[in-house]
Each structure stands twice: as structure tokens, then as C-alpha cells.
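Q: Could you put the whole structure together from the sequences, leaning on the hints where they help?
For the record, the sequence lines run as chains H and Z. For the first sequence, position 173 (counting from the first letter as 1) is numbered 173 according to the numbering used here, and the numbering increases by one without interruption. If you count the second sequence from 1, you need to add 1000 to reach the numbering used here.
Hint data in this document are derived by calculation from the structure and do not stem from the laboratory. All residues carry an ideal CB built from backbone N, CA and C; glycine is no exception. Worth double-checking, as some hints may not be accurate.
Stated by the list, open to error - If the Cβ cut is set under 7 Å, some of the chain H residues that face chain Z in the computed set are:
#1 A86
#2 A202
#3 A203
#4 D242
#5 A246
To be verified - Listing some non-contacts, in silico: residues in chain Z with all C-beta distances to chain H over 12 Å:
#6 G1065
#7 L1083
#8 Y1091
#9 N1095
#10 L1113
#11 M1129
#12 W1133
#13 R1175
#14 R1270
#15 T1299
#16 L1300
#17 S1301
#18 H1311
Stated by the list, open to error - Just so you have them, the derived chain Z footprint on chain H, three or more residues with Cβ under 8 Å:
#19 38 to 52
#20 192 to 201
#21 220 to 232
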Amino acid sequence: MNRRQLLAGTALALSLSTGLGGVALADDPLRVGFVYIGPVGDQGWTFIHDQARQEAEAHFEGRIETSFVESVPYGADAERVMTQMALSGTDMIFATTFGYGPDVNAVAARFPGVAFEHATGYLQEEPNVSLYNARFYEGRAVIGHIAGRMTESNTIGYIASFPIPEVVMGINSAFLHARAANPDVQFRVVWVYSWFDPAQEAAAAEALIEQGADVIMQHTDSTGAIRIAQERDVLAFGQAADMSAAAPDVHLTAIINQWAPYYIERIQARLDGEWEARNTWYGIGEGMVGMAPLHERIPEDVRAEAEQMIADIAAGDYHPFTGPINRQDGTPWLAEGEVAADGDLLGMGFYVEGMTGEIPN
Amino acid sequence: MMGTMDLSSINPVVLAAALMVAATPILLAAIGELVVEKAGVLNLGVEGMMITGAITGFAFAVSTGNPYLGMLAAVAGGAGLALIFALLTQYLMANQVATGLALTLFGLGFSALLGQGYSGVSPPRTPRMDFGWLGDIPVLGPILFRHDPLVYVSLIIVAGVWWFLRYSRAGRILRAVGENHDAAHALGYRVRAVRVAAIAFGGACGGLGGAYLSLIRVPQWTEGMTAGAGWIALALVVFASWRPWRALLGAYLFGGIVTLQLTLQAAGWRIPVEYLAMAPYLVTIVVLVVISSGRARRTLSAPGSLGRPFHAAG
Chain H
1 MNRRQLLAGT
11 ALALSLSTGL
21 GGVALADDPL
31 RVGFVYIGPV
41 GDQGWTFIHD
51 QARQEAEAHF
61 EGRIETSFVE
71 SVPYGADAER
81 VMTQMALSGT
91 DMIFATTFGY
101 GPDVNAVAAR
111 FPGVAFEHAT
121 GYLQEEPNVS
131 LYNARFYEGR
141 AVIGHIAGRM
151 TESNTIGYIA
161 SFPIPEVVMG
171 INSAFLHARA
181 ANPDVQFRVV
191 WVYSWFDPAQ
201 EAAAAEALIE
211 QGADVIMQHT
221 DSTGAIRIAQ
231 ERDVLAFGQA
241 ADMSAAAPDV
251 HLTAIINQWA
261 PYYIERIQAR
271 LDGEWEARNT
281 WYGIGEGMVG
291 MAPLHERIPE
301 DVRAEAEQMI
311 ADIAAGDYHP
321 FTGPINRQDG
331 TPWLAEGEVA
341 ADGDLLGMGF
351 YVEGMTGEIP
361 N
Chain Z
1001 MMGTMDLSSI
1011 NPVVLAAALM
1021 VAATPILLAA
1031 IGELVVEKAG
1041 VLNLGVEGMM
1051 ITGAITGFAF
1061 AVSTGNPYLG
1071 MLAAVAGGAG
1081 LALIFALLTQ
1091 YLMANQVATG
1101 LALTLFGLGF
1111 SALLGQGYSG
1121 VSPPRTPRMD
1131 FGWLGDIPVL
1141 GPILFRHDPL
1151 VYVSLIIVAG
1161 VWWFLRYSRA
1171 GRILRAVGEN
1181 HDAAHALGYR
1191 VRAVRVAAIA
1201 FGGACGGLGG
1211 AYLSLIRVPQ
1221 WTEGMTAGAG
1231 WIALALVVFA
1241 SWRPWRALLG
1251 AYLFGGIVTL
1261 QLTLQAAGWR
1271 IPVEYLAMAP
1281 YLVTIVVLVV
1291 ISSGRARRTL
1301 SAPGSLGRPF
1311 HAAG
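A: And the structure:
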């Protein structure tokens, strides 16, 4: 995405290439590598992946050895970093962003003995590529409901990264539940075309607040936006991790990505020699999506509704995309009582009815 | 379906004021790098100096409770890192491009190390300037007279650099060193000393630009928070053809595009965001390609000795 990341990735790849390659001995620890899109200190997406890596390392008590490379842009750099990891004897690689898809499959084809785990992707062209993702839209339904109930200006600001299905799905889920809670709600979406740029995210939050938004949601990785919300006393939600430290007065809750149980399960399978490619999409029920503690500013009744929704989703009694739902242009998508197919969600390229604005190309 | 395209909801006064804030970090870094390049040195470590300034400024502001002491620390931090570059390139004759890139990598890593424990910490507030009745002038007041002090400092630095390069004797010597270091040396000017001073100034400005991000613009510390601003500042110097006022224009143009496109999106306008959001980076890449081509550099009136190593042969 920018020169800094490119250079960081290249330099780290070079430094990795000096590591020892070759065959691991039988009693050597299993070597597990992690590739991150952002810095481990982003307090969001990459931070929480790295927390899970540390949890896994602690869990296996010396039976595994983990390493990571941060701020790796997708494309040639990611491919180089993963190639070097594989060459230097890494047995298992977790590639933790959507954009790594083609790179993961390209490297996996050349290293059939290495197990690849690709987060939030859809490309599975090799038998040694597993996909895993979390049903973040379940968390977004909850924050959408809270936002709809708590907004006074009826304008909710949404800071979006890139127009990919994952992000569109999140906007739709939050919007449907905000609308269900408050029929006058409008969403204002700002695309910042970056996963991590605190200054840009902060500027987007300011622009949204200027346009009357009194609740801010984000699908970006830094605490830049929520920090502005704190300064301006506008309600906001954390993303990927509990961000309440950056915004103690306005952080209503956060969607927390809980990767550690999955990492431990998959590494265990690899240790046992039972690892095989899978396609995992876990939600609140399986514990991959969690919610941060609800802020005391949330009124009792809203809190109870949110908790009920969380419980219903966890129990499988409620799916956030349950019909009737129309597309933005008014054409029917889901009939009464119909639940969205996973494939539809993973390829979602349209807004639901009531959303204003257009998804950029 | 059309969005609510309501032009009246966009307040041009707020927009103009926000533009200046968005532009200030890259303006500070760019004006510093402009002086460095005018002295004939290409320091690609702007990003590293900015992020170092961002954390040293933040840490000092938090520990002393005074944002201005933090800004001074950022100046020292940026200049300190730049002096490492000066030592390597001016005395140990390391390659400038490679050293600059290494400086960026070092700065990013070093700042992450220094910044441990500062995540989620609030810096002391930097008060806005109070110009009395000037701030109450309709339209102009909020645009021009209600900013934080660093916005004005950045403008003073631009004016000062312009005056220095154009009218002062020291500035002319610096330009001579940048245009033809052998001739300057033959005339008895101390090429290395001039360059070291310019590099330190560039680092100080870059550090201050970084502190603007961590203390005022975002106010918080996050690893890697400059997110490419240093590269945009580098491109800006070329865009400005090494002229201070053009750097100001370029920075405000950049700030204007960023602020306007976000505001138009927030107001529900249909604009080609995908292109606007990418524009600064595309321009940066093009400019960095151009800067590395000899012929293009001459036509852009780049300093004659830019990036060339100086050996005091006699």
C-alpha cells in the first residue's frame, strides 16, 4: 500500500533469508509463522492476531516456536516473505489478511509440505490451504442495534476501508439492525482506502461528525477515529480489539476478534499430524467473535436487548440476515424468514434497501 | 438511488480550517527536506524522522505534561536521527539512498520500541491560539485565526526558509553547495558542515511534523502512525521544484483534496473516491520515479549535486 510497508517487508524478507533452511529434526519445536498487514502495535486487527499468536505459544509450552513479520503489503512482498518463511523451515503459516489470497496459494503450490492458514480469504486452490474467517457481521448486528437505539441525530457515521464483500456485509448488517431499532436512521459511509492510517481515519471521523453523525463505527484497524470521538464526545465502537483505553467515555462496546482458540486447535492438529485443509467461518456461538463489556452509557433496556441478541445469535436462534430483505434497488433478496446463504454473504456486492450512496468500484 | 446531495451541509469555513490542519504535518516535513535537498543531499528517511519525532514528542509531552516541551523533544529526536544519517553519508561516505531507506526502517522500529506503554495514553492538550478580536472576524477568523500554534509555526518556517535561501549569505552558500559542491569547496566553503547543518534542520522539521500528528492531529500514539506521510512530503519537494512557497501550495492542495473528498463522502456525494484516495500515492510514486531519472531532474531544476557523494579531493 505504501513505500514504507513495501520496504519493511523487503528488508524483513532479506533478513529472514539468512535464517537456516533445511529439514527440521523430529524433536524440534513446530515452527509457526505469522504474516501481518499492519504493525503489531495498531491496537486493532494486527494487534489482536499477535495476541492470539502469543497465547498459542504460551499454550504449547515450548512445543512450538512462532515468528511473525509485520506491515507486509499484499502482492510480491507477501509472497517473498512467505517463501522465505517456508524456505527457512517454517511448518505452518498464518496469513492474516484478505489481500494475501493469491500469494498464499502461489507459495502453497511450491511448498506442499507447509500448512497454510489464510484469514478472511476465499481462494483455496491448493490442498494445503485452509481458510478461516469470523462472522463479524454478527457483532455488527449488535452494534447496529445499539447505535440505532442511541443516536439522537439519526445519523450514523461509518468509516469503511475497501469496498470488498467483507466490508459491505458489515455495513449492511449494522444498517439493517440500526433501521430495525430506529426507522429514521441514515448511514453515512466514508471510504478511506486504507486498513491502517490513523490520521486519515481521524479526519474521516471529523468529517462525519461535522455532517451530524453522533455515533461512529469503523471497519479500519487503528484507534484514530475513536480517539476523535472521545475528543468530541461522540459515541463510538471499537474494532477488532477492546479500544476503550483510547476512548474511555464513548467506547460503547467493541467487536473483538478471538483467534486464539482456533490457532491452538489448528496447531494441535498439525502437531498430531492430522491437519487438513478446511474452510472455517465461526461466529459468536463458537467464540471467534466476542463483544467487549457494554459501556454504562448504554441504557438498561438497550443493554438487555443487545444481550438478548448476542445470546440468540450464539444459540443459533437468530441469523442477522433473515428475510424479508430487499436490495438497495428494491429487488427482493431474501424472502420472509429466509436466511442468507454463506456464499451470498461472502460475495456481497450490494447495499440493502434503505442505504443511501453507492459502493465504489 | 441517489444520496442526499446537500451542498448546504458542507461548511466551507470548517473545510478550509481542516485543510490547513491536514496539510501541516507534511508541510513541516517537506520544508525541512527542501533545505536538505537544496544543500545537495537526498535523505529518504523523512518517514523515519517523522515517526521518531512523533514518539519522542509524545513521550515528553506526556511525562512533562507540557505539549511545547514535547514539540521541542520531537525537534531534538528528529534532528538526532538525522545526524546519524549525516554521520553515515557525510563522513563515512555511505550511499545516501540506501542510508535514507535504512533510516526509515530504523525509525519505524525504534519508535515502536520507545512507544511501548504509550498506547491508549492521552497527551496533554495543545491550546489553540487566541488572537482576540481577529478570531471573531466572520469567515476569515475561524479559517485563519483559531488554529493551534504549530500551524503558524509551519508558515513562519516556510517564510523563513524562503528568505534564508533567497536573501541571506548563508542561504546562498547552502545553494552553492547543493548546485556544485566541488566549486563551493574550491571557493573555500565547508561543504560537509553546511550539509550536516541542513540535514539536522531537515530532521528537526520532520520530527516536528511527526509530533503534529501524535500531539494534535490524531492525538495519541500508535505504531506506524505516520502511514506514508513522509513519502508524500518527499514527493512534495519535487512537486514544488524546490521552492518554499510552492511547497506550501502543494501541501495545502494535498490537504484540500484529502479533506474535501472525506467531507463530500460524509455529506453523501457520489464522487470517484477510489481515484481521489489513491491520488496522493500515485503522484508520490510518479514523482519518485521522476526524481531518479537524470534528465527529468535537470528539467525540473533540481540542485545540481543532489544525491551525489562529496569527496574533498582538493
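Q: For every hint, state whether the structure bears it out.
A: Hints, one by one, checked against the model:
no. : hint       : result
1   : A86        : violated (24 Å)
2   : A202       : holds (5 Å)
3   : A203       : holds (6 Å)
4   : D242       : violated (10 Å)
5   : A246       : holds (5 Å)
6   : G1065      : holds (18 Å)
7   : L1083      : holds (22 Å)
8   : Y1091      : holds (24 Å)
9   : N1095      : holds (15 Å)
10  : L1113      : violated (10 Å)
11  : M1129      : holds (18 Å)
12  : W1133      : holds (26 Å)
13  : R1175      : holds (28 Å)
14  : R1270      : violated (6 Å)
15  : T1299      : holds (24 Å)
16  : L1300      : holds (20 Å)
17  : S1301      : holds (25 Å)
18  : H1311      : holds (28 Å)
19  : 38 to 52   : holds (count 6)
20  : 192 to 201 : holds (count 8)
21  : 220 to 232 : holds (count 6)
Of the numbered hints listed earlier, those contradicted by the structure are 1, 4, 10 and 14.
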